[in-house]
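Residue numbers (the numbering used here), protein chains in the order written: chain A, 1 to 369; chain B, 1 to 252; chain C, 1 to 430.
Worth flagging that the hints you see were computed from the coordinates, not collected in a lab. We put the beta carbon where it would ideally sit given N, CA and C, even for glycine. One or more of the hints may lead you astray.
What the hints assert, rightly or not - Just some of the chain B residues that point at chain A, by a computed CB distance under 10 Å:
| hint | residue |
| --- | --- |
| 1 | Glu60 |
| 2 | Thr64 |
| 3 | Ala100 |
As the list claims (entries may be wrong) - Residues from chain C shown here face chain A by an in silico Cβ test under 8 Å; the list is partial:
| hint | residue |
| --- | --- |
| 4 | Val30 |
| 5 | Val320 |
| 6 | Val392 |
| 7 | Pro396 |
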Amino acid sequence: MGLARTLAVRAATLVVLLFIVLFVISFALAGPASKILKDEIMMETKSIIRQLMLHGHYNSTQIQQLQTQIVTELENAYGLNKPPAIRTLYIMYNMIVFNWGYAYFPSEYGNVGGGKVVDIILSALPGTILLDTFGILLSAFIGIEIGLRSALKYGSKSDRAVMYYAALSNGIPQWWLGIVMLLVFSFYLAQIHSPIYFPTGGIISPRYYELWLTDPIKVFAIPQAALDLLWHLILPLVTVLIINIGGWAYFARTVVLNISQEDFVTFAKIKGLPEGHVVNRYILRPAAPSILTSVFITIPFIIFGGFLVTEMVFHWWGLGYVYNIAIVQSPTPDLPVVVALTYASTLLYIVIIFIMEIVYIMLDPRLRE
Amino acid sequence: MGMALLEVRNARLYYATTKGIVKAVDNVSFELNEGETLAVVGESGSGKSTLAKLLVRVWERNVTLVDGEVYLDGKEILHIPEEEFRKEIRWKKIAMVPQASMNALNPVIKIGDQMIEPLLLQGTNKDEALKMAMDALESVGLPRDLVNRYPHQLSGGMKQRVIIAMSIMAHPKVVILDEPTSALDVITQANIMNLLKKLKWEYKLSYIFVTHDLALASELADSIAIMYAGKMVEIGGAEDIYGNPSHPYTQA
Amino acid sequence: MARKQREFRILGMTPSEIVREFFSSGTGKVAAALFIVLIVVSVYALVTLPPNFARVWNNPKYWQLNPQYAPPAWIDSIMGPVYSPQIYVNDYTFTVQHQDGVTYITVTFNVNYEYDKPWNEIFIVINNPAIYSMSQPPVVSITIYRPDGSKITLGPLPINTRVTTLGVSPEVVSQVNLFYSEEYHISDVVPTGSSATPYLFYTVDDGKLVPLKGPYRFTMVFYVFSQNSSVINRKDLEIVLQGQIYGLMGTDNEGHDLWLGLLAGFPIDLAVGLLSALIIVVIAVIIGIVAGFYSGLIDEALMRLTDFVILLPAFPLLIVFSVLFGWSIWDAVIFLAIVSWGASARIIRAMIMQIRNAQYIESAVIAGASRMWILRNHILPQIIPFILYLLVTNVPGAILTLSSINFLGLAGSDTQHGVHYSTTPMSLAH
Ligand SMILES: Nc1ncnc2c1ncn2[C@@H]1O[C@H](COP(=O)(O)OP(=O)(O)OP(=O)(O)O)[C@@H](O)[C@H]1O
Ligand SMILES: [Mg+2]
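Chain A with its partners taken away, still in its complex shape (with noise of 0.2 Å):
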């Protein structure tokens, strides 16, 4: 069938670019940056050796004996002892086999402190969701709603007030309205002792932080525990609406605006059809895949440019504070830890995009075939 090849090939060329992503970053870690990895494993051979110091006695020279022999094994296991071409497909190997090795953490982060780098981004997977699909999807319905209401008043007052708003928060980074964010609903609302004020951040109370680590389908079993994670949502939720339901509204605004003046919106008022099925069948529905189109290119921005930093600043445990943990917070930059956040965020990326145009073709007719 036609629709079918035409999916294989987009899922083909969506493959060939997870490829083409995974490969630049293996060759990059197993050639140019090899030196990093090398210093990395000069430390946590040290660490190690500090550990053994602690618990026996050896002299200087088991000590050396000792150092060769662990850096080369660290070596063997991070594949530095093979040539870089190897190296390079040993790493892919392992990216693809999901065996991405061991974080370096802070131990500070709970319980995922040095533990397999496939868990520590699992845990975090959660967060990112909730925040992200939430705070993605509520915005797209909000503003598109205020944006087609805006269209249909074009030209009012409230129309031009929707497009001023939408020009200011294109303009405001999302880590910014979170930073005031915190500072007016959080830390000053307390100093002014008002009885409700909202967290500082985190993405839920350290009672069941560790439960939400573990098992975060437990705590929405709990009722205590899913409220909490919702008030402790609240704020990050908030910023990411003000800050991205202006540009849908925007958006949606222009692409209603374009469509009601097509001759097939005309013809449908002139067939006596009531306003609110014009609206809704006549130009929110042909609308929907040049919405989706722009969701789609949009998406990547979305994420990595707000939602990223904004779980940072609001300390949500989700990809984006990963990243900056594994960026900032370690001595070195937590490698394992960032390489495989970018393969795994990239892999995400990739299959939203696949959904998103399976979607599209289904709401197009003049693409099925």
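Since chain A is already given, all that's left is putting chains B and C with the ligands on it; use the hints.
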């Protein structure tokens, strides 16, 4: 002389543009009897389509003035509330096939669904409505299974015929046809003209037939009106005008 | 009306309509206005800030007299006089006397204390190394006459550094504690580790410390053990009362004046934004024109490339590369620009295809017009407004992205031009 089905008196419709007011329809009056066809002829930009839009009360945002009276069966309909006009008159009594009607179909909805939409909203049940749609398609010479297709799968002429089929499905009293054959080859054009004639007899329809083509107009029309710069400069029996034109446009 | 010609449209608008729409819409006006503001402020910053501002910014000594983490000064005008402002004492009397081989310099000044939160600290700055590095350094003793008639005497303190911090010297702390225990029978008012300075402006009411508002008179006597009368000049002496609020935007943990930081960020931001927008537009225009002009294989190949670039997940790649290769801000910006031209190139290509296929161009080609001629006379005039639009819309975008990069702590934010981007929330301006 009995009461006319449709009577238009001193109708005016002006547009506001950056270059000033455009008097697209300016003091137009005419009558149309049941079962009769009025052809509206005129050069491009003379206000024919605007007149049609005025009659169905669907016009652009930049309209500044709408004035005059329109009587349908003796009842004034230009100034009744919009919602009443939509429910009682539009499409049920006055249907319209717009100019460039091949763009008038929604690209993401199946032909059949678009055809039965007004009926469903009136409470007809779906199967019955679909059957009516297929009959209508058949009567304009299209296959019945077109109901399951999307507009992009049809040729331009087929789309125009679908719109015509839609317009007669509602059994209106007046059908306004705004250059319904402009984009078609001569053979299809002739087919559609024959179809219109047939439908006219079958359903006792009254047409307002907008065209550039005087010869085509005289084929279907009982009377012909000539528009020039928003005004109706001449109106009379089809034979009179075709045989003995008095306005320079008609002579050309 | 003439029949619509089939032409290239995005969301039903032709590119030239988009441009017109954009610049006439609220959004477009705001964007264009902000762009102009950005340019004006950048010029202002370049003119007013010292040319080596980056070095000044990284020199902690320069900022040491400022309060840390202070809120902006204008909050007093909202909340009433609550926080003491930063005061550089200028109108003091300065008298010099010589006696027995010692020079006595008496400095007196008044300050009016009308706030709830007193000054953090009092600094005596001598801008003459010859004085504070003397083998026998000068000493200063200070008498404070308080509004309630009481007086506190502090010192003598040795002046052996450029900046003498009054409140932290153990001697002063014990003198202030002594004052409180004698006057109000409270011992150890100054918590250990804190400065004694704020306690100069308190009194005790009902067993509690409350601010003592009113005029204060300071008399400082410097004893310089040298006959040379010119040894302390009036111009060498600076007296600074460190406030709890500062400047237009407050300070950070190092006392940096954030307003100046913000100002200094503008030209860099503008440069970054322009550079990135320029790269994007240049690549997009070249690829768009080439692809639009040469149909066939070249076009096909370029469009595949464009599709690929559009899909590329730029941000994660940026993160991994900056970590691996220790990229600077500029590297990051260039990288982002190089992978962000896809959508624009596609639009330009479509515009060119449409222009090229227009009737009048085809007839010109038949009449023997060259490609260059068509490019110069028909294509460039039509795409230049669009290029302008791309530039104006891309600059703020690039700056926003830049602020995110900084915020994530990527790409050597602390070394680049010495200005801490993370503390200059510049992009506020867009
Ligand atoms: N929305 C509008 N705004 C301003 N002027 C308009 C608008 N629509 C039509 N006009 C102008 O009104 C006049 C009549 O237009 P109209 O479309 O009715 O002409 P027409 O007789 O149908 O022409 P054609 O045979 O080309 O279809 C023209 O001068 C046209 O330019
Ligand atoms: Mg017309």
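Checked hints:
{"no.": "1", "hint": "Glu60", "verdict": "holds, 9 Å"}
{"no.": "2", "hint": "Thr64", "verdict": "violated, 14 Å"}
{"no.": "3", "hint": "Ala100", "verdict": "holds, 6 Å"}
{"no.": "4", "hint": "Val30", "verdict": "holds, 4 Å"}
{"no.": "5", "hint": "Val320", "verdict": "holds, 4 Å"}
{"no.": "6", "hint": "Val392", "verdict": "violated, 13 Å"}
{"no.": "7", "hint": "Pro396", "verdict": "holds, 6 Å"}
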